[in-house]
Each structure stands twice: as C-alpha cells, then as structure tokens.
Amino acid sequence: MNIPADLKYTENDEWIRVDGNTGTVGISDYAQDQLSDIVFVEIIVAEGETHKKGESCATLESVKAAADIYLPVSGKILAVNESLPDKPELVNSDPYGEAWMVKIEIEDASELDGLLDAAGYQEFLAKKA
Amino acid sequence: MTEPLLCDLSAPGRVAMRFPEPDVPLAELPSLLREDLPLPELSEVDVVRHFTRLSKLNYSIDQGMYPLGSCTMKYNPKINEAMARLPGFALTHPLQPIETVQGNLLLMYELQEWLAEIGGFAGVTLQPAAGAQGELTGVLIIRVYHDARQDFKRTKILIPDSAHGTNPATSAMSGMQVVELKSDERGNVNLEALKSHCDETLAGLMLTNPNTLGLFDENVIEVCRLVHETGGLIYGDGANMNALLGVVRPGELGIDVMHYNLHKTFSTPHGGGGPGSGPVGVAAHLVDFLPYPVVDIIEEGDEELPPLFGLVRPKQSIGRVKSFHGQFGMMVRAYTYLRMHGPEGLRMIAEHAVLNANYLMHLLKGHYHLPYDRICMHEFVVEGQWDDAPDIHALDISKRMMDYNLHPPTNYFPLIVHEALMIEPTETESKQTLDRFVEVMLEIAREAHETPEVLKSAPHITPVGRLDEVKAAKELVLCCGVGSPSD
Amino acid sequence: MFVPHTQKDREAMLRTIGVSSLEQLFQDVPAAYRFPDLNLPPAMTEMEVQQELRSIAASNESMEDLVCFLGAGAYHHYIPSVVDAIIQRGEFLTAYTPYQPEVSQGTLQAIFDYQSLIATLTGMEVSNASHYDGSTAVAEAVSMAHANFRGKRSRIVVSPALHPHYRQNVRTFNRSELEIVGDADTIDPAQGPEALEDLIDQNTALVIVQYPDFFGRIYDYTQLAEKAHAAGALLAVAVNPLALGLLTPPGQFGADIVTGEGQPLGIPLSFGGPYLGIFATRLEYVRKMAGRLVGETVDNRGQRAYVLTLTAREQHIRREKATSNICTNQALIALAATVYLSMLGKHGLRQVSELCYHKAHYAARSIGALSGFSLWSAQPYFNEFVVRCPVPVEEINMRLLDEGILGGYDLGNDYPELANHMLIAVTEMNSRDDIDLLVDVLAEVSND
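Chains as they are written, first to last, in my numbering: chain P, 1 to 129; chain U, 130 to 616; chain H, 617 to 1064.
Simulated from the structure, these hints should not be mistaken for lab results. Mixed in with the good hints, there may be bad ones.
[Unchecked claim] Simulated pairs of lysine-lysine, DSS-like, Cα-Cα distance not exceeding 25 Å:
1. H:K624 to P:K53
2. U:K603 to H:K624
3. P:K76 to P:K53
4. U:K282 to H:K937
5. H:K937 to P:K128
6. P:K64 to U:K282
7. U:K494 to H:K624
8. U:K311 to H:K937
9. U:K603 to P:K87
10. U:K282 to H:K904
11. P:K64 to U:K494
12. U:K600 to H:K768
13. H:K768 to H:K937
14. U:K285 to H:K624
15. P:K52 to H:K624
16. U:K494 to U:K560
17. P:K128 to U:K311
18. P:K64 to H:K768
19. P:K76 to P:K103
20. U:K311 to P:K127
21. U:K560 to H:K624
22. H:K937 to U:K285
23. H:K937 to P:K64
24. H:K768 to P:K52
25. P:K64 to U:K311
26. U:K600 to U:K560
27. P:K87 to H:K624
28. U:K600 to P:K87
29. P:K76 to H:K768
30. U:K560 to P:K64
31. P:K53 to H:K768
32. U:K603 to H:K937
Quick caveat: nothing in here was measured; it's all calculated off a predicted structure.
Bound conformation, chain P alone:
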C-alpha cells in the first residue's frame, strides 16, 4: 500500500498535500483499492466557494460501492480537477497524482494538526485490518 510520506491523511482516507497555504486533496491508495474500479466521479464544490472542514466535496462510485469525499480543512476552493469526471479510472491508477480532486486555500493552518501523518495513517489502517 502506497502511503507517501509528504502528505497528511484523514481517518476517512482523504489525503492533503500542503504547499504554502494551498492544500491539494484526493483519496488514498488504500481507499481506491477498497472501492475497486471507480466508474464515476462528481466534484460538488466549485472554484471560489468557501467551505468548512468536513463538508462533502466529491462523490465517487464504483460498481459495488459509493463514497463521499470530505474536505480535510476549511477554506476557499482555488481549483477543481475538471478532467477527472471524464477519466474516473485515474483514481485507481494515480490516486496521489493526476486524480487530485480540489485545491483549497487553507484558512486555518492549525486544522492540519488534527490530521494523521504517513506513519499515523499506516498505523490507523493496520488497526482497521
């Protein structure tokens, strides 16, 4: 299971890559594996909107499951990955790269402290199994 060391994670299997005060959000390798073949992605937030941490930003569907993706931090949406809905399979093939979902302007950096680092996420997954 690929868990890049430079990202932060949530217990709902989202990741966030922090670059200055910009966060990029997607779902983890573990999550895509659990869902299996992703057939549908809908991003339900739009550029310019402001959202709170924990609000839903995207919906994913595989043949056998559905998942809501939540924002790990609060802030203004800077960009959404417009090409992802046309290529949902990217979530399976490149969850940490091309399958990013939204970029967000991090409003309160202290919210990041509540997230898991790579080791913490690994431990969390191990406990779940």
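Place chains U and H on chain P using the hints.
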C-alpha cells in the same frame, strides 16, 4: 446465440394487433400531434417467440430450488394466479361505488383481520406497494405518533448492524437520524449498547426478528421493554415472518408496528422484481395513524343483510401512500393462500421452513465455517471462504452453483459476516432436494481446494458468463439506440 | 398444501439435527408466547377455495356486466391475449430480482426492452425499470429534484390538475422539508398552466403538471418549461402513456422528468393494482434517479449481455445516504407493458389512441348538446372530459347503474367547487351503442 432486441427485430409494415375501425364520426385531431412514433413493428409470432426465448434464459422457482436468504423464495401456487384473474376481481375499477365491489372489500377486510390475528396487531393497512414502502409507512407512523404527542425531540432511530439496507434509507427519508447498534457475540441486539442510547430523543428501534443471521433474538422481550420504558416504539421488519407463522405473534412480544411481505411469506410471485405488497400491522395506540383508506364495516349486517363494507380514513392518518387501495391482485393471491392453510397449515409452514434450514445447516457445518453455531430459524449464514483456499470468495462459490443448476444463496449480506452466504431453503423443498443441494455444496468445497480455477471461471453452462460490470457502469447504454453521454 | 415432507423424512431430518421434535427448534422463542391459537378459518382444499373465491368475485359488479365510463387514473382497455400468456410463464413469474445476471438474462433484457420503449414513447433519454405506480413515481420525482439541488431548493409547484391521489402522496412523503404550493385553494383548477408561472421562484426545485391533466385537458407545456428553466427549476410531466400514441411527447416540451401511470398499457383494472410507475429523465440526471436500471455490457465470452447497473445509487449500498429506499420495481407489470407495446407497435398504439380520442369526442359532443348538461372546458382533450350536470353526480350514477352503466367520476369528492361535475372517460372498449345508451339515460335525467 444472443437474442436480438425488440428494436432489432422490427420490420417496417409488420402489424401484430389490429383494432376495429371507428364506429363514430371522426373528430379533428389536436394540434399537439406527435410527428413520429418509432415503436417496433412486429408480428404476433415475433413477439411470442422473442419473449419465450428470453424466458428460457431465466432461472425460476418453477425450475428448482432458489435458496436466497431473506427473500423467502417458496413455491408460488398456481391457484393464486387463477383466482387473481377471475373477471369479478380483475375487471373492477378502483373508484366504483362501494355497493358494487362488496366482494373486493370483504376480501380486503378479512385479509386485514387475518394478518392482524397472525401478527398480534390491532389494525392493518394493505395499501403499501412493497416491503420498502411498508417500512416507510411504519416509520412515518412512528414519527407522526411522537409529533401528535408534541414530543418533537424524538428523531433518533436505532438500527442493528445486521439490518437490511432499506432500514437506514427509510429512516433517513422519514427525517430521522440513524444510529447503528452493534450485535453481541450470539448475534442478538447488544443490550448495553442499547441502554446507552435510551434517552428522550429516541423515536424507536427497527428490529428484524429473526434477524438476518437467521437467529431469533434471545433478548427480544428486554429490548422492547427498554425502548418502551424510555418512550420509544419498536418497528418490526417482517421480512422474516415465514419463521413465525403460528409460532409467535410479534405484537405480543412488544412490536408496535410491522410490515408483512405478501411476496415472501404469503406466496405471491416475485415476478423478476415485483410487484410486491407490504401491508403494515400496528398496535392499538397506532391504529388512528394508519394510511387511508382502510376497509371497515360501515353498516352492521343483520340476519337478512350482510354488513356493508366501506373505505374509511383513520382519524390521525399519515395520509395516502399509494394511489387507490394498494396492490389488490397480490391481496387476492395471499387471501387464497391463507384460506388454503388455516391455523394448523400456517404453523406447519413455519415449522418446516425452520426444519429445512437447520437440516441444511447441520449438513454443511464442518465443510463451511458457521459464524453463529445456534439453532437457526428459517435461514442461516455460512462463510464462503477458507484459509486453505485463499483465492476463493463467496462470489466464486455462487457462480459455480449455477453450473449444477442451482440458484446461489444471497451473497455478501449480512455485512457483519465475512464473505457471507445466506441460505434460506423455505418449507416447499423436499428432503431429496435438500440432500442434492448439500451434495453440490460439498463438491464445490472440494473443488475450491483441489481445482480452484474451475470456480474462478464459473459459471460455464449458463447462457452468458461473468459480465463486465465496470463497462456497463462507465459506458452507459441504457436503451436501444441511445449511447453514452460522452459519445 | 405445499410442504412435501413425509413422516419418514421429518423423523430422519430431526435425527440429523439432533432434536426429537419440531417444537424443540423453537426454544429461543419465549415460552409464554410460543404457539398461540390463531383464530382463522380452517384450511380448504383447492377445489373448495376456488368455489369460495368465485363466489366472492361474483358478488362484485365487474366490466363483464357493466359498460365503463369511469377513468380518473385507471382505464378499461383491451388487452391482447399474448400479454397474459407471456407474463404467466413461470420463468418470468417466479424469478427473483435479477441480481445474478448469468441466470437472469430473460428478465434483464426484457427490462432493457422496456426502458427503450418508454424512452421512445416519452421522448426522453433514459427510463428506469419502473416504480410502483403513477403516484409513487411523482413522489420519487420530488425526491429526485430535492436531491438534485442538494436540498438547497425547497419549493415544489404542483398543478391543481394533477391527480388528487398523486398530490396526497407527495404530501405524505414530504412532511416538513418542502414547501408545496399551487394545488391547494390558491389556484382555480379551471385555469391553465400559465397560472403556475407566478409561483415559480429561485427556491423552486420542481414544477409538476399532468398530460393529459386530471380533467383530460391537453396543454402545450413549452412555455411553462421555459419559465421553470429560467428560474433554474426542473419540470416533471405525469403522463397517460397511451395518449402518447397520438400526442407530442413531453420530451419535446423540454420536460426534465416524465412520470406516468402505465396501467393503460395492457394492465387490468384489478381494483387499483398492481399498476406501473413510469419514470424517465435526461441522461444528465441519471445518477439522481431512484429505482432499478439495466445496462448493456459484454460477458467474458464476448457476448452482448445485460446487468443491473449504477447500483451504487441504491439503498443497499448508500444506506441512510440514498435518496430513496426503493428496492423493487414492478418487473412483471413492466413486462406486461413491454409485451403490450410490442404487440401494438407503431401502428397499433396510434390506432388505439385515435379510437379513444374520436369516441370521447363523439360522446362529449352528444352530452354537451343535452339541455342541462354542458362541457366545463373548451380546452382540447384526449379521452376524458368534464361535464356540468343538472343534478348531483351520485344521483346520476345510480340511474346509470340501473342501466348497466358505470358512470363517471364525481369531481366534488376532491374539488368542492366542482360539485355536480362529472369526469367521463371513453376508450376503445365503448361502442357507439354504449355511448348512445349513456346519452339516452342522461337525456332522461335532464328531462326529469
């Protein structure tokens, strides 16, 4: 060979069905006239052969055992079909004056009474169209009951983790907050977990009993007492009523409201996914909230005259849940079935449904892992996986069963058992049929260890093999001639 | 009865299980409540039960004895013999929901045929595998529109000329979250769809109308669709599918959702059910639509095949997040409609819808010419129309019943302002003689 679609069979100019020429002067046609009507053009022979060939691609109860857990796929008597088609029933209009449909109303009245007697309830509505709609009706009744008492805080519904997916969906649709309750190690509702949720926000608890593990909840009396003491109500999911006919009346155990599935317990056919029928029974304190209309006697009879039946609206009714009076054709079938059984016959159904399930469970034990080793009711769950056959999943076992001309059990449900195979034989299968089922299951268990590839590639003898479900969901083709939105 | 066990079988099975009696299998059931005496009538044989049911059925007056001019959402049409012959086949009748596609291709492909026919008939891009009936299909349209706007639009504009049962249903299932306007006492049902336009605002999720409407009238809803769309709302049109053999399909008006009561398509009256809920929409909304859906794909042998698809929308996966709790469809009834539409096809459906139209217009002209009776609306209509009567409808219907005629629907039941107004339905089953007899009896009423 693949059967063509209707649109591919069409040949311009072919006509199967003609109507008489108009016997009245023609009126001018309206301006909102459709330009074209590209429906297929077929002959009667085309139509009959197309659908007959399609029918042969289906597995059905009429062909063999159909052990889907929680679906109660029992034999559907042919007499039911004949009775529902009597012109006196089939050719009556739902809005006829009640004086002209006293037969229908009598039948509905008696069916209400009999279902109430079987379930131990004070009143029954026949209106809900299916189990899920019955459930929604029941949860709305719970909500409106609390509202009527000005007890608006009660919005929490407790649902055990072994429940059907419909239970949480129904509660959410009714504006309730869903809280999941863990089962204990014997498969019962966990009483400690329940106690921690018993407060002034508790609207009710949805209980499937026997539950989806096929186990009768040993704490049921205590569960009902705890919920009632705190002011909540108990919803009973009656999907598994086949185990309880003449055995126990859920209303007497403390269930306040429960739906029945006429298409499971009372032998009306599943028809490939409907029509069903989901009557709801309620205890005395909820009778006024039933959806309208219900059938009642509106003028008592005497020595000469029979009583007059009519359609009435309960005082605090939640409203109408369906147009007209419900799936009446299904009621005629269930009435016929009940009339043929009587009280002893009903108990015999439950006893033999439970006998068959326990017989199968005992013969499979040791070959398939049994997560809850207790006397079961009408169904039981085994695991479709072995540590020493790591590639094999429940799905592979199911697909392989088709090669032996058997329908698989319910897969991957309940969620609390890994690789679940949920098996419900029903009372209408004989010992010979069950013995053959066991023989096949043991053979498949052997294959799983010795020649697993034969399971992974199954089924082999069915009209089609395993399907590409990802393609179906990604490249949506949902009707003839209409392609995916992306092309 | 249907339990096949012999005494010998039972004893052998109990021995295998390791219990001595059937009663022992029920030890988990609290003893105080175990094995109650049920007060039910005793068992009958098939022969007796058939006599009993025949006698109950015979105490009804059915369309075998009566000439029917009653509609109001359920219609007496001719059903080709092939329909029942096909749906009685055990392979269709006694199969479960097609969860195992390898052994359910018959049901799956028939549903795909159904979806194709309904999409064509309604002029929409996609149809689901059906809902319970016309009323629950409308309730699902409301849930879908609400979900489409993620709950941010809460107003539902409902035409007062939508079937009263459908309106009641929408209210039952939407108790607090939604504001339902239009149908109450605010709008005179005699007005057309333009009366709804002022009610559409930026908070409106859905506008619902019927076509032909409950009173039989046909309106072009193009302008209403434009007004709805201009406000960002959706338009749902509830149809009589048989009328679409003749009339412009709602897809051409710009409808976003088409629902309907499929009963006229080869389904017997059967005292109100089982019927068929039609539900079609545009592809862009397909994931918001509830209910089963069959899609085309291939199997591992390269053959074309069918499977339930987009199941991730459904309750068994989404649980409390699903927009609907619906599990089943009306598969067997959808099959009946599929066979019916196959039998009638392009020409037959047009022919039967024209027959209904012409016969209704003959009846309406004849009744409208009677003194004391008049047509309530000048709007074009399909096969149903409203007549103002000189005396209460109930009284007229008793006279008609004496002559073997089932009269029209008493609109005063649902619309107080329409007391003494009768809704009359005419179909291909009514001969000119039947219609003349109706007119003669009404003439007697007007002469009294």
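For each hint, the structure was consulted:
This hinted pair does not check out: K624 (chain H) and K53 (chain P) have alpha carbons roughly 67 Å apart, beyond 25 Å. Taking the CA atoms of K603 (chain U) and K624 (chain H), the gap is near 55 Å; set against the 25 Å cutoff, the hint is violated. For the given pair, K76 (chain P) sits about 11 Å from K53 (chain P) by alpha-carbon distance, which is consistent with the 25 Å threshold. Using a Cα cut-off of 25 Å, the hinted pair K282 (chain U) and K937 (chain H) holds, with the two alpha carbons roughly 22 Å apart.
Between K937 (chain H) and K128 (chain P) the alpha-carbon distance is near 23 Å, which keeps this suggested pair within the 25 Å criterion. Distance check on the hinted pair: K64 (chain P) and K282 (chain U) sit about 36 Å apart at the alpha-carbon level, beyond 25 Å; violated. Restraint check for K494 (chain U) and K624 (chain H): the C-alpha separation of about 23 Å stays at or below 25 Å, so the hint holds. Under the criterion of a C-alpha separation no larger than 25 Å, the hint pairing K311 (chain U) with K937 (chain H) is consistent with the structure, at around 20 Å.
The suggested pairing of K603 (chain U) with K87 (chain P) holds, with an alpha-carbon distance near 10 Å, which does not exceed 25 Å. With a C-alpha separation of about 31 Å, the suggested pairing of K282 (chain U) with K904 (chain H) is violated against the 25 Å cut-off. Simply put, K64 (chain P) and K494 (chain U) have alpha-carbon atoms about 29 Å apart, too far for the 25 Å limit, and the pair is violated. Of the supplied pair hints, the one linking K600 (chain U) and K768 (chain H) is violated, its CA atoms being roughly 33 Å apart against a limit of 25 Å.
Our distance criterion of 25 Å between C-alpha atoms is met by K768 (chain H) and K937 (chain H), whose separation comes to about 16 Å. Taking the CA atoms of K285 (chain U) and K624 (chain H), the gap is near 51 Å; set against the 25 Å cutoff, the hint is violated. For the hint pairing K52 (chain P) with K624 (chain H), the CA-to-CA distance comes to about 69 Å; that exceeds 25 Å, so the pair is violated. As the CA atoms of K494 (chain U) and K560 (chain U) are separated by approximately 17 Å, the hinted pair is consistent with the 25 Å bound.
A C-alpha spacing of about 17 Å is found between K128 (chain P) and K311 (chain U), which places the hinted pair at or below 25 Å, so the restraint holds. As the CA atoms of K64 (chain P) and K768 (chain H) are separated by approximately 28 Å, the hinted pair breaks the 25 Å bound. Pair hint K76 (chain P) plus K103 (chain P) holds up; C-alpha atoms about 9 Å apart against a cutoff of 25 Å. This hinted pair checks out: K311 (chain U) and K127 (chain P) have alpha carbons roughly 19 Å apart, not beyond 25 Å.
A distance of roughly 10 Å separates the Cα atoms of K560 (chain U) and K624 (chain H); the hinted pair therefore holds under the 25 Å criterion. At roughly 16 Å between alpha-carbon atoms, K937 (chain H) and K285 (chain U) fall within 25 Å of each other, so this suggested pair holds. Between K937 (chain H) and K64 (chain P) the CA atoms are separated by roughly 15 Å; this keeps the pair inside 25 Å, and the hint holds. The suggested pairing of K768 (chain H) with K52 (chain P) holds, with an alpha-carbon distance near 17 Å, which does not exceed 25 Å.
Simply put, K64 (chain P) and K311 (chain U) have alpha-carbon atoms about 23 Å apart, close enough for the 25 Å limit, and the pair holds. Note on K600 (chain U) and K560 (chain U): the hinted pairing is violated, with a Cα-Cα distance of about 42 Å set against a maximum of 25 Å. A threshold of 25 Å between alpha carbons decides the hint, and for K87 (chain P) with K624 (chain H) the separation of about 63 Å lies outside it, so the pair is violated. About 13 Å separates the Cα atoms of K600 (chain U) and K87 (chain P), which keeps this hinted pair within 25 Å; it holds.
Distance check on the hinted pair: K76 (chain P) and K768 (chain H) sit about 20 Å apart at the alpha-carbon level, within 25 Å; holds. Between the alpha carbons of K560 (chain U) and K64 (chain P) the distance comes to roughly 36 Å, so the proposed pair goes past 25 Å and is violated. The straight-line distance between the Cα atoms of K53 (chain P) and K768 (chain H) is roughly 19 Å, inside the 25 Å bound, and the hint therefore holds. At most 25 Å may separate the alpha-carbon atoms for a hinted pair to count; K603 (chain U) and K937 (chain H) meet this at roughly 22 Å.
In this structure, the hints that do not hold are numbers 1, 2, 6, 10, 11, 12, 14, 15, 18, 26, 27 and 30, in rising order.
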